[in-house]
Amino acid sequence: MEPLVALVGITKRHHLGAQLVQALSDVTLTVRRGEFVAVTGPSGSGKSTLLSILGGLDRPSNGQYLLDGADVFALNRTQIAELRNKRIGFVFQNFNLLPRLSALENVRLPLFYRRRSVSEARTKAQLMLERVGLAHRMRHVPTQLSGGEQQRVAIARAIVNEPDLLLADEPTGALDTSTRDQILSLLAELHSTGLTIVLVTHDREVGAHARRAIRLLDGVLESQDGPMV
Amino acid sequence: MRTLAYIWLAFRSLQLYALRSVLAILGIVIGIAAVLDVISVAEGARAEVSRQINSLGSHLLLVLPGAQLDQGVRKQAGSMLTLTATDARALAQEIPGILFAAPFVDAQMTAVSGNLNWSTLIAGITPEYFEARGWMLARGQWFQAEHLATAAKVAVIGNTVARELFRSVDSIGRPVRIGRTSYTVIGVLAEKGQDFTGRDQDDVIFIPLASAKIFTLGRSHANPDAVHSILVKADSPASMAEAEPLITRVLRERHKLPERKRNDFQIQNLVQVVQARDKIYRQFTLLVSMLAGISLFVGGIGVMNVMLVTVAERTTEIGIRLVAGACPGDIRKQFLLEASLLCTVGGMLGLLLGYAVARLLAATFGWTIEFSWVLAIMAVGCAALLGLVFGIIPAERAARLDPAVVLRSGQ
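These protein sequence lines map, in sequence, to chains A and B. Numbering of the first sequence is given in the numbering used here, commencing with residue 1 and proceeding in unit increments. Numbering of the second sequence is given in the numbering used here, commencing with residue 1 and proceeding in unit increments.
Calculated from the structure, these hints are not laboratory results. Certain hints may be false.
With beta-carbon atoms standing in for the labels, derived distance ranges [unchecked claim]:
| id | chain 1 | residue 1 | chain 2 | residue 2 | range |
| --- | --- | --- | --- | --- | --- |
| 1 | B | Gln15 | A | Ser43 | 22 to 32 Å |
| 2 | B | Glu313 | A | Thr143 | 14 to 24 Å |
| 3 | A | Gly44 | B | Arg12 | 32 to 42 Å |
| 4 | A | Ser146 | B | Arg359 | 20 to 30 Å |
| 5 | A | Gly17 | B | Leu360 | 27 to 37 Å |
| 6 | B | Gly329 | A | Ser43 | 34 to 44 Å |
| 7 | B | Glu396 | A | Ala18 | 20 to 30 Å |
| 8 | B | Val389 | A | Asp176 | 45 to 55 Å |
| 9 | A | Leu16 | B | Trp373 | 55 to 65 Å |
| 10 | B | Trp373 | A | Arg139 | 37 to 47 Å |
| 11 | A | Val8 | B | Thr3 | 39 to 49 Å |
| 12 | B | Phe365 | A | Arg139 | 14 to 24 Å |
| 13 | A | Asp218 | B | Thr3 | 46 to 56 Å |
| 14 | A | Lys86 | B | Glu313 | 25 to 35 Å |
Computed, partial: chain B to chain A, Cβ under 10 Å [what the hints assert, rightly or not]:
| id | residue |
| --- | --- |
| 15 | Arg2 |
| 16 | Ala5 |
| 17 | Ile7 |
| 18 | Ile172 |
| 19 | Pro175 |
| 20 | Arg177 |
| 21 | Gly179 |
| 22 | Glu317 |
| 23 | Leu322 |
| 24 | Gly325 |
| 25 | Cys327 |
These numbers come from a predicted model, not from an experiment. Beta carbons are placed, not taken as given, at the ideal position from N, Cα and C, and that holds for glycine.
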């Protein structure tokens with residue numbers, strides 16, 4: 001079966017001030033549908049850049065990114081946006097919720113850009129919040145929620161459009177240990193329903209929750225099939 | 001439908017940055033208020049002018065004694081005495097297109113009634129003067145020919161004089177003393193208001209020309225038949241056009257002026273004078289509108305400035321939206337609408353301010369103000385458009401944002 005994600009010879013250079021930094025060098029890997037993959041490596045190894053490219057947010061300097069067979073960066077910005085909207089969900093270390101919108105409104109955001117009718121959107125968003133166990137807090141704004149709750153809202157937002165792929169950048173980095181475990185078990189639960197997850201982390205313990213590890217070092221792919229040690 | 005959602009989104013965003021937004025649109029608020037007020041005042045003035053043209057009566061020329069170089073300032077009896085009542089009769093008879101040529105003498109004197117007195121304009125006239133100037137009678141009667149023939153001591157008084165000298169008493173049949181002579185009031189005129197120079201037209205007492213000359217204003221020994229002015233009314237616009245040169249010819253003949261000598265009289269077209277004033281109002285309106293337009297432009301730049309800052313501050317928000325699946329067009333639309341809404345709010349505030357100031361001016365100074373709501377709505381529409389135009393650059397900036405920024409900032 002064709003892989004969901006195929007990266008072929010991905011290279012990314014960008015300018016840091018006057019210097020030219022090689023963030024990724026000739027990275028080739030695949031992710032199959034339904035996999036739970038951790039991308040690990042020290043700080044500066046290019047993990048976040050890889051995630052940006054997987055999310056269609058950053059254009060590689062060279063190489064191809066095929067999502068379900070489609071060449072993502074052959075599309076124009078609007079088409080990529082639509083792809084991102086429907087097929088990819090994002091979770092960040094610092095949650096990235098819109099601070100003055102309620103939990104419900106935050107979860108609704110991807111639906112707003114999907115041009116669905118309003119009433120359906122509200123219901124769908126509410127369902128997602130129930131899924132992550134936060135329906136009772138849906139009218140609260142982020143400042144009224146704990147870190148773990150905010151991340152759960154962010155996860156609800158990421159999956160509200162029922163994407164094929166969930167990308168998580170250090171999702172537990174800003175959380176304490178017990179909350180971290182809660183979030184990770186939520187992700188595992190979502191994975192068990194068939195969601196493909198790519199999780200970026202420098203924390204080995206976190207990475208151990210995944211089924212497969214991809215290691216990066218200085219922008220180069222070290223290994224891509226190894227289990228976590 | 002989605003546009004409504006965006007408008008709502010814009011509204012909420014503006015609420016978040018309320019103080020900054022208000023300061024940004026100050027230029028627009030003032031610009032719009034200023035434009036509306038200037039146009040309201042000028043339109044009010046022009047409506048007044050229009051009314052005055054109508055109240056002056058149409059097809060009128062004023063012939064005055066004195067050289068052409070004069071500004072037409074009212075002369076005292078006894079200074080240039082080159083026009084006579086006979087001149088007036090000659091004009092009426094010899095020039096076909098002329099309906100009347102009404103002679104006029106006047107002086108400012110004190111009129112007395114009982115223990116009240118009032119300084120007013122005493123005017124000696126012939127009956128056709130009333131018709132020439134479009135006067136209407138409120139009570140009583142006009143002068144008849146016999147009043148003139150017998151130099152009767154009768155008077156027709158204006159509304160202001162009736163009010164000041166007779167208060168609530170009916171003035172008809174009562175005496176009013178002018179100088180050493182007592183006149184009987186036979187008529188009271190309907191109100192006319194101010195003329196185009198701002199003078200109260202109702203502050204006047206009309207007496208027959210003959211009576212004026214004999215009893216009250218006196219006559220000069222040099223030229224006993226002299227009058228201060230002749231009001232000429234033509235019967236049509238065509239006659240009006242021809243009248244001036246014809247009057248000139250007749251008077252020059254009568255005054256026996258040789259070829260070279262200048263006219264010893266001048267002819268004023270009253271309506272032209274008033275129209276000249278109207279033109280001045282219009283030019284004034286145009287000028288101030290241009291200035292207000294500049295203010296609007298500056299206001300627009302202020303909005304653009306604030307929007308640029310706002311966009312720079314909200315990169316994270318924009319990034320989150322892009323990550324959630326917004327395309328550049330969505331972001332562009334969001335900020336364009338925000339800029340437009342900002343300016344529209346400015347326009348509406350300007351409208352309210354303009355209306356309030358207009359009412360204040362009308363109440364305080366008694367000016368006639370014509371506030372046009374149609375113009376006001378158009379002004380608000382212009383403001384909305386201004387917002388769209390000045391929002392283009394900030395919206396483009398926002399739409400071009402690299403969403404990877406969001407991820408990098410997360411480190």
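Status of the given 39 to 49 Å range, CB of Thr3 of chain B versus CB of Val8 of chain A: 41 Å, holds
Between Trp373 of chain B and Arg139 of chain A, does the beta-carbon spacing fit 37 to 47 Å? Distance hint for Trp373 of chain B, Arg139 of chain A holds at roughly 42 Å.
Does 55 to 65 Å hold as the CB distance between Leu16 of chain A and Trp373 of chain B, or does it fail? 59 Å, holds
Using the C-beta atoms of Gly17 of chain A and Leu360 of chain B, is the stated range 27 to 37 Å upheld? Given a distance of about 59 Å, which is not inside 27 to 37 Å, the answer is violated.
Please check whether Pro175 of chain B passes as an interface residue: C-beta within 10 Å of a C-beta belonging to chain A. Nearest chain A Cβ about 84 Å off; hint violated.
With respect to the beta-carbon atoms only, verify the hint that Gly44 of chain A and Arg12 of chain B lie 32 to 42 Å apart. 39 Å, holds
Agreement of hint Glu317 of chain B with chain A interface, Cβ distance less than 10 Å: 6 Å, holds
Restraint outcome when Arg2 of chain B is required to lie within 10 Å of chain A by C-beta distance: 7 Å, holds
Using the Cβ atoms, figure out if Lys86 of chain A sits within 25 to 35 Å of Glu313 of chain B. This hint holds: roughly 30 Å between Cβ atoms.
Taking the CB of Glu313 of chain B and the CB of Thr143 of chain A, does the distance hold inside 14 to 24 Å? The hint (14 to 24 Å, Cβ to Cβ) holds, given that Glu313 of chain B and Thr143 of chain A are roughly 18 Å apart.
Go ahead and decide if the range 46 to 56 Å is satisfied by the Cβ distance of Asp218 of chain A to Thr3 of chain B. Holds, since Asp218 of chain A and Thr3 of chain B (Cβ atoms, about 48 Å apart) stay within the stated range.
Within 22 to 32 Å or not, the Cβ separation of Gln15 of chain B and Ser43 of chain A? 40 Å, violated
The structure shown violates the earlier hints numbered 1, 4, 5, 12, 17, 18, 19, 20 and 21.
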